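Chemist: All chains, full assembly: derive it from the sequences and hints.
Protein chains in written order, with our numbering: chain A, 1 to 572; chain B, 573 to 979.
A couple of the hints might just be wrong.
[To be verified] Residues from chain A that keep clear of chain B, each with C-beta distances beyond 12 Å, as calculated: (1) W31; (2) I54; (3) L99; (4) R108; (5) V192; (6) Q564.
[To be verified] If you want the ones that stay clear, here's a sample from chain A, every Cβ over 12 Å from chain B, calculated: (7) A29; (8) G183; (9) L189; (10) W254; (11) L334; (12) R405; (13) A406; (14) R431; (15) L475; (16) R483.
[Claimed, not checked] Label pairs and their computed distance ranges (CB to CB): (17) B:R760 <-> A:P262: 32 to 38 Å; (18) A:L274 <-> B:G909: 58 to 64 Å; (19) A:H354 <-> B:R609: 28 to 34 Å; (20) A:G84 <-> B:A888: 54 to 60 Å; (21) B:D884 <-> A:W73: 53 to 59 Å; (22) A:A43 <-> B:R964: 54 to 60 Å; (23) A:R203 <-> B:G959: 50 to 56 Å; (24) B:R837 <-> A:R200: 53 to 59 Å; (25) B:R964 <-> A:H354: 48 to 54 Å; (26) B:K629 <-> A:A352: 43 to 49 Å; (27) A:L388 <-> B:G909: 54 to 60 Å; (28) A:L35 <-> B:A888: 58 to 64 Å.
Derived by calculation from the structure, the hints in this document are not laboratory data.
Every value quoted in this text rests on a predicted model; they were computed, and no experiment measured them.
All residues carry an ideal CB built from backbone N, CA and C; glycine is no exception.
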Amino acid sequence: MRDEPLLFAVTPRMDPRAPATWSSHGRWAGWGYLLPAVAVMTAVLVAPLAMTVIESLRFPDAYRTLVTAADFWLPLRNNLIWMGFALVACALGLGLALLARDVGGRLRRVLTAALTVPAVVTPLAAGITLRLIFDFRPERGLTGGGAREGYLLGPGWIWLLLGMAFVWQWTGVAFLVFREGLGRIRGDLLRVARVFAPGRWSRARLVLIPALFPTAAVAGLIVLIAATRAFEIVLVAVPGSIQDQVDVLGLYWWRQSDVFAPGEREALGVLLFLIPATAALLLLWRLRRDLPPPGETGGTGRTGETGARGPGRVARAASALVAAVWLTPIAVLLLTSLRDPVGAARSGVRAAGHGFASYAEALRDGSFLDALTPTATRSLLVAVLVVLLAVPAAYGLTYAGMRRRAGALVVALAAALATIPPQAVAVPLGRVTDRLVGGPVTLSLVHTALVLPLAVLLLRNAFLSVPRPVVDRPLAQGHSAFRWVVEARLPAVVTVAVLAAVFTWNDLIVSLLLNWPAADQVPLVIWQQAREFATSAGPLAAESVMAGAVPVVLVLATGRWLTQGLTQGVAR
Amino acid sequence: MLAGSVAAGAAGCAGAPVRIAVPWSGWELARFRDVMRGYAGDPVVFSAGDSIDALLKNPVARSARPDVAFVPRLGLLGEAASGLRSMPAAIPGPSHAPGAGAWTGLLTHDGAVKGVWFKAAHKSLLWHRGRNPPPYGAGPAEPASWAAWLEYCGRAGRPLLSIGAADGWVLTDWFENVLLGIDPDTYRALLPAPGGRGPGPGWDAPAVTQALRYLRDLWGMDGIFPGGGRRALLTSFHDSILDVFYYGHAEVVAAADFAYPVISRYGATATVAMPCRFPAEHPGTAPVLVAGDAAVALSDAGRGVVEWLAGDGGRAAVRDGWVREGGFISLDSQVTGYPAALRPFAAQVIGENVEFDLSDQLTGRLSGGNGRGLWRVLTRFFSDVTGVTSSRDPVAAAQTAMTEAAR
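Modeler: And the structure:
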């Protein structure tokens, strides 16, 4: 979930109501609320990023060496392929969101859950699952065997595997965003469209797509950032002989770091930041122009939804099919984890005989269990820290009398900071963490800073949607409205905490770069079993299931809050 | 709650445990953890797999450096030597057999011994599939020479060989065995000079051309690999063993002694594994290619672990566990208890006429793991000669790539 930020950053908020600057807050009160979050983001993101930029500029040849290296262009091209995957995931997300409007009740909830679950498990588990499915051996994989084997061994199969793993994970996020977007389209617009535009397609072309453009930009951006950060999936799902063909820049940065010229590693780090940051700022700028004036969109509620229409049989069948397709990888993972290790190595899921032997083997040496507590502790710590820092910051940006222009600047900065990849800040951070005692706490601070921009943006939007009287009453009496605002938007606060915890729980790369030898991060422990993938399939699947269960249960348990929180976070 | 979490986090790093990076994963990792159970102090053992270079040479943070690392690639050792603790002269060495001096020499940099050999491997083995009861002596004869072997394979008319071409080190092992069987002198000339000057001239030698030609002739045989070259490129080392000993798609796999536990665990119960020596160009000169994992210490705490492993405690822990289950050869000539099939080969490893793995000693652009160095050149070569990709003259292309990378 780390790549959420822009969803909220680019949902512009043009508040038609009178500014609340007449309140008890002084002009600098807003900055006071912002200070802790700004301090953490400056220390952990801005300063290291600046150091990376300076280091890359200190060597005049760094950028030229980087782009003239023969090996540089293939990973760059591959990053473009990943951007293509992002488009596919968005298109599918939109299609499914449209489909879901025509189905109601339980089926819709099942579809939402089926699409959301892959998004909250670690990308490592997604890579492992798809590699199990795409096993080329007819004796093991689901897709191998028979005439199709030749096709699966073709040069394109690895891209099919990677693309499907990515689409499987990220379509759900695009779906959620589009569902919110569709829900906010004005009902009267749709009624007019129904009268004047005959046919579903022309209605979509003339009304829905233009009205959905801002939402599409948001969804596209989130998924695009995820695509530019592809790392774990490639690491775990690709056999060694073709790793170099599917290399991506993030991995290239890590693998080639020992042969880079001075400054070259930093130059690549800067590039890794500039690609998504440019996209983010372009879209932010674009959105400000494309949005209709605020008055037109206010207060329509969810009238855009067409749930009142009779449930189409086709739509219901299609939704059920999609949910089934999306749950299939999970079923494969579960079934593989229930084979014994030897059975899973020999015949994958394609044979009878189940039990918990793979779980026993995964837990036997204790390394997985040893990592559970530190990972959980860090996740909890990060969730708490993020809430403690982001809630005041979001309040500072909304009702603490900050100047509108200054607030807009902070929002734009936060949107840019949200796109920082760990590679762009890791080296300077590594230099600092060496001197600090207490690895787990230091690491938690890094995780906190990486989620913080997103959290602030989400909460800011949620706070802005608080009904006016809730804010005005305490302000008029000369009190702070802080408590009332937070109470009114508790679901959004819970959402932020859950996002932070899930991000930290699933993290591989920050721990890999800064704290690998501690081996106390669950995805790292899973990854280290993956070297002999074929014969470790059973325990690998078991560990993936256990690691994935935590965020899935957390998200499903707080699902009602999360739905409200997300709605508040993007509501206008 | 926050205070509690911070306290919990801080407590975890109070008496920081020793951190040990190993290249093994899965079953082998579990065996090593068993060994470390005998060491007081509850160390953290983690697997860096093929990525141990990134960890030792240029870690992002010093905090991301382990205290002890098991290094399979000696080239890496030279490049990281400055950060390694020297071993005391009086380290309780194992009862070394004839070749001991050469092994220790490999770990010596600037006059100081930088590590201790933990595990050795015999890499010149071919594993044949037999039936139960074992027809020892009646199985396929050890190929006497390359000519004989090529003829045998050519006559078979069915997929005979399995190869884990997805793993670059499998291909380099093949190449090294062939080259060593043709001309040991050329093989030695390719080794980096002691001062770490990088590989000397010699990649354009005729023996290298001949080795590549033999490989082209064998790998390029129609239908020699089950499913063809494309499938072989996706087949991992363990999969290639399953191919022979469980699925029965092929009959022979070239693999080191550490294939033994994989065969006994995942192989079909009715099959018997029969190892024999890799052929040479001429009868009677079969190569013994060896490799090993050396334990190096990056901190004083780490040195304690390495000394313990080299001492009586560590040797006993290895002897009573990993050695018995197979796939572990000790350089200690007193260690017994190897599985019967491996016993003669364990004796060869500690003998005098061995050559250490070439690719593990390379430095510079010929070194490196997946997608890099010699691994990459040979992966490309394999793909060319098996028809997955096309090249007019794969032998010349590979040799040119090697020569250029060595410059």
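Chemist: State for each hint whether it applies.
Modeler: Results of checking the hints against the structure:
1. W31: holds, 24 Å
2. I54: I54 (chain A) clear of chain B: closest Cβ-Cβ about 17 Å, beyond 12 Å.
3. L99: holds, 36 Å
4. R108: Holds: least Cβ distance 36 Å, greater than 12 Å.
5. V192: For V192 (chain A), whose nearest Cβ neighbour in chain B is about 53 Å away, the distance exceeds 12 Å, so it holds.
6. Q564: With a cut-off of 12 Å, Q564 (chain A) remains clear of chain B, as the shortest Cβ separation is near 23 Å.
7. A29: Holds, since 24 Å exceeds 12 Å.
8. G183: holds, 35 Å
9. L189: holds, 47 Å
10. W254: violated, 6 Å
11. L334: holds, 21 Å
12. R405: Consistent with the label, R405 (chain A) stays out of reach of chain B, its closest Cβ about 34 Å off (over 12 Å).
13. A406: Holds, since 30 Å exceeds 12 Å.
14. R431: Check fails; 7 Å does not lie beyond 12 Å.
15. L475: holds, 29 Å
16. R483: holds, 19 Å
17. B:R760 <-> A:P262: 32 to 38 Å: holds, 35 Å
18. A:L274 <-> B:G909: 58 to 64 Å: Roughly 59 Å apart at Cβ, these two residues keep to the hinted range, so it holds.
19. A:H354 <-> B:R609: 28 to 34 Å: The hinted range 28 to 34 Å holds for H354 (chain A) and R609 (chain B), with Cβ atoms some 31 Å apart.
20. A:G84 <-> B:A888: 54 to 60 Å: holds, 57 Å
21. B:D884 <-> A:W73: 53 to 59 Å: holds, 55 Å
22. A:A43 <-> B:R964: 54 to 60 Å: This hint holds: roughly 58 Å between Cβ atoms.
23. A:R203 <-> B:G959: 50 to 56 Å: Given about 53 Å between the Cβ atoms, the range holds.
24. B:R837 <-> A:R200: 53 to 59 Å: Cβ of R837 (chain B) to Cβ of R200 (chain A): about 58 Å, so the range 53 to 59 Å holds.
25. B:R964 <-> A:H354: 48 to 54 Å: Since R964 (chain B) and H354 (chain A) have Cβ atoms about 52 Å apart, the given range 48 to 54 Å holds.
26. B:K629 <-> A:A352: 43 to 49 Å: Cβ of K629 (chain B) to Cβ of A352 (chain A): about 48 Å, so the range 43 to 49 Å holds.
27. A:L388 <-> B:G909: 54 to 60 Å: The hinted range 54 to 60 Å holds for L388 (chain A) and G909 (chain B), with Cβ atoms some 59 Å apart.
28. A:L35 <-> B:A888: 58 to 64 Å: This hint holds: roughly 60 Å between Cβ atoms.
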